[in-house]
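All chains, please: the whole structure from these sequences, using the hints.
Listed below are the residues making up each chain.
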Amino acid sequence: MDWLFLDAAFTGGSRDECSAKAGGACWAVIGERLNLFTYGFYPVAERWRVNLSLVLLIFTLFPILFEKAPYRKYALHIAVAFPFVTAWLLVGGLGLTPVETDQFGGFMLTLVIGITGIGFSLPIGILLALGRQSKLPAIQIFSIGFIEFIRGVPLITLLFVASTMLNYFLPPGVTFDLLLRVLIMVTLFASAYMAEVIRGGLQAIPKGQFEAADSMGLRYWSAMRLIVLPQAMKISIPGIVNTFIGLYKDTTLVIIIGLLDPLGIGRASLADTRWTGLSTEVYLFVAIFFFISCFGMARYSQHLENKLETDHKR
Amino acid sequence: MFDSVLKLKTTYSKEVLGMRVTKFLVIIAVLFSFTVMADAGTLEDVKTRGKLNCIVSSGLAGFASPDEKGNWQGFDVDFCRAVAAAVLGSGDKVKFVPTTNKTRFTQLNAGEGDILFRNTTETLSRDADLKLTFLPVNYYDGQGFLIRKSLGVTSATQLAGASVCIQTGTTTELNLADYFRANKMKYEPVNTETNEESIVAYESKRCDVYTTDASALASTRAALKKPSDHVILPEIISKEPLGGAVRHGDDRWADIGKWVVNALIIAEEMGITQKNVKELAKKSGNNPGMNRFLGTEGSMGEMLGLDKKWAVNAISAVGNYGEIFERHLGPKTPLALERGLNASWKAGGILYAAPIR
Numbered sequence: 001m002d003w004l005f006l007d008a009a010f011t012g013g014s015r016d017e018c019s020a021k022a023g024g025a026c027w028a029v030i031g032e033r034l035n036l037f038t039y040g041f042y043p044v045a046e047r048w049r050v051n052l053s054l055v056l057l058i059f060t061l062f063p064i065l066f067e068k069a070p071y072r073k074y075a076l077h078i079a080v081a082f083p084f085v086t087a088w089l090l091v092g093g094l095g096l097t098p099v100e101t102d103q104f105g106g107f108m109l110t111l112v113i114g115i116t117g118i119g120f121s122l123p124i125g126i127l128l129a130l131g132r133q134s135k136l137p138a139i140q141i142f143s144i145g146f147i148e149f150i151r152g153v154p155l156i157t158l159l160f161v162a163s164t165m166l167n168y169f170l171p172p173g174v175t176f177d178l179l180l181r182v183l184i185m186v187t188l189f190a191s192a193y194m195a196e197v198i199r200g201g202l203q204a205i206p207k208g209q210f211e212a213a214d215s216m217g218l219r220y221w222s223a224m225r226l227i228v229l230p231q232a233m234k235i236s237i238p239g240i241v242n243t244f245i246g247l248y249k250d251t252t253l254v255i256i257i258g259l260l261d262p263l264g265i266g267r268a269s270l271a272d273t274r275w276t277g278l279s280t281e282v283y284l285f286v287a288i289f290f291f292i293s294c295f296g297m298a299r300y301s302q303h304l305e306n307k308l309e310t311d312h313k314r
Numbered sequence: 001m002f003d004s005v006l007k008l009k010t011t012y013s014k015e016v017l018g019m020r021v022t023k024f025l026v027i028i029a030v031l032f033s034f035t036v037m038a039d040a041g042t043l044e045d046v047k048t049r050g051k052l053n054c055i056v057s058s059g060l061a062g063f064a065s066p067d068e069k070g071n072w073q074g075f076d077v078d079f080c081r082a083v084a085a086a087v088l089g090s091g092d093k094v095k096f097v098p099t100t101n102k103t104r105f106t107q108l109n110a111g112e113g114d115i116l117f118r119n120t121t122e123t124l125s126r127d128a129d130l131k132l133t134f135l136p137v138n139y140y141d142g143q144g145f146l147i148r149k150s151l152g153v154t155s156a157t158q159l160a161g162a163s164v165c166i167q168t169g170t171t172t173e174l175n176l177a178d179y180f181r182a183n184k185m186k187y188e189p190v191n192t193e194t195n196e197e198s199i200v201a202y203e204s205k206r207c208d209v210y211t212t213d214a215s216a217l218a219s220t221r222a223a224l225k226k227p228s229d230h231v232i233l234p235e236i237i238s239k240e241p242l243g244g245a246v247r248h249g250d251d252r253w254a255d256i257g258k259w260v261v262n263a264l265i266i267a268e269e270m271g272i273t274q275k276n277v278k279e280l281a282k283k284s285g286n287n288p289g290m291n292r293f294l295g296t297e298g299s300m301g302e303m304l305g306l307d308k309k310w311a312v313n314a315i316s317a318v319g320n321y322g323e324i325f326e327r328h329l330g331p332k333t334p335l336a337l338e339r340g341l342n343a344s345w346k347a348g349g350i351l352y353a354a355p356i357r
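Residue numbers (the working numbering), protein chains in the order written: chain A, 1 to 314; chain B, 1 to 357.
Keep in mind that the hints were calculated from the coordinates and are not lab data.
Treat the hints with care, since some could be wrong.
In silico SDA-like pairs for lysine to any residue, Cα to Cα no more than 20 Å straight-line [claimed, not checked]: (1) K95(B) to V99(A); (2) K69(B) to W48(A); (3) K225(B) to G13(A); (4) K51(B) to P43(A); (5) K21(A) to K225(B); (6) K95(B) to D102(A); (7) K332(B) to S14(A); (8) K149(B) to E203(B); (9) K69(B) to G12(A); (10) K95(B) to E46(A).
Following this line, the structure appears as structure tokens:
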């Protein structure tokens, strides 16, 4: 405690200045680099776009997550536009100054990768899970092949392929944005895991439910949408959130391919000769950020489970 | 539906199929030949792009790290800026590609970067096997030892029986084994994965000595709680010539990298600095060597495929070698490294660049 707060220095221009003031932690390094930790290398003049995206994110997530939000019905429709609007805001073009994605970094990069991965892996995962149980051999073989291939390869390998090997295969001049490659790889990776989690849920649904759906004359998609999936998803909530949290934490791997997430920014900051040796402070700070995000997700999943509890317990 | 597909398939004769395969192969071959062609003109690529992609470390004290505003700073970074200034006229036209030890060469060979300045030791296997072309050495490093003063050791030859912190899988690990064997001493290795781990192990007294490149030892020592309690032993047990590198196969581009590094070193010999370079370049003086350097005489820049003012641009962007060293590694920085071997040959070092003429 003493080290954390009471004996800590919160301002100063270097480690020496810190230790001259107090014997405890030197939080000045975080203070000085908060912007770098938040926005990465995003141009200063354009940072309002990142802030605006965050506000939009909150306004989009709120109605999705909480049933009692006002105007929820409309808000959900508008939410579809969110990924496109944010992508435009962050990358630019069409009237905004373009910002290259290699300038993304810090918490913003984590959020971009995490949320894209989470947002897209769920629907793709559902399709793959259904595909794996499909009676059409082509779809089934594709789903199984895809899932098993992705699960058989570490994420770090996929990222490596995305960052370096792809260039060997693509014709020259065709450059494929590095961040986009990472987003695709992370999404595919999470989808494969998601598919298996959801398949677990699907298999827990009694056969009677499928038959009941059939007997009501529902077609395949309607049966799935109205009867099977809601139950399967409810069962899989802990597994799904587990995958989300895993994916979110895996975003730190992007340092391997030269994108600087908060951890990367932290390491790079420690290499600044004014701040070397403050690893405890920097890593603690990054850890707190990840803990807050992941704990938040875990708590929400519990809330969701309680809400959807239909008392099958005996 | 599947039936119709099958039928379609059977209607192809073997010849048609053969032709299709050939066509496919030709397309692939064409694509690959394009790749080769594109590799032949890094200079043109950089000029069209308007930016130099420069591979640096994702964080190494004194050599490359971002400041609080996100601008990259450091010894290696300034060499990137110098090349950018020589080629494109401005030291800000650089995109830095941060890489780890493991990914640096792959990134370079995959074309993610045009040039690499990442405190990289020049070795035969990297040159020949990894297909790199090394630029002139810009930092002569060597492996040293860091030890607690309280142990009273003053020379590496007194280290018999010591426990040594060492990063696995590095050349330093091999050098250490060689050195102790040659001096008929025994040691106890304490293996770690990264520099940070080693420092923690050393600070918690799990090992008596920490060994790595002398430049890294200096920054490590500066980062310890009480730097004055530790000393770096005078012995340097290996050669670690650090330099930039480019891909094999583009000699013109390699020439540019080579001569920019040379120009920075020569500028120091001639006393050309960031401050006076603009003034000196205004008109040609009495010193023909300096005139050639400043582009007021001869056509050195044109021979490289660059602007006449290439060297002037490089120097006005980052200063000469001595200035770069002072700014990032010298005695006024926390790293406090002496010039030592890295002084100009006129000042007792071994920096000796080929002449520009």
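For each hint, the structure was consulted:
no. : hint               : in the structure
1   : K95(B) to V99(A)   : holds, 13 Å
2   : K69(B) to W48(A)   : holds, 16 Å
3   : K225(B) to G13(A)  : holds, 18 Å
4   : K51(B) to P43(A)   : holds, 17 Å
5   : K21(A) to K225(B)  : holds, 15 Å
6   : K95(B) to D102(A)  : holds, 9 Å
7   : K332(B) to S14(A)  : holds, 14 Å
8   : K149(B) to E203(B) : holds, 13 Å
9   : K69(B) to G12(A)   : holds, 16 Å
10  : K95(B) to E46(A)   : holds, 18 Å
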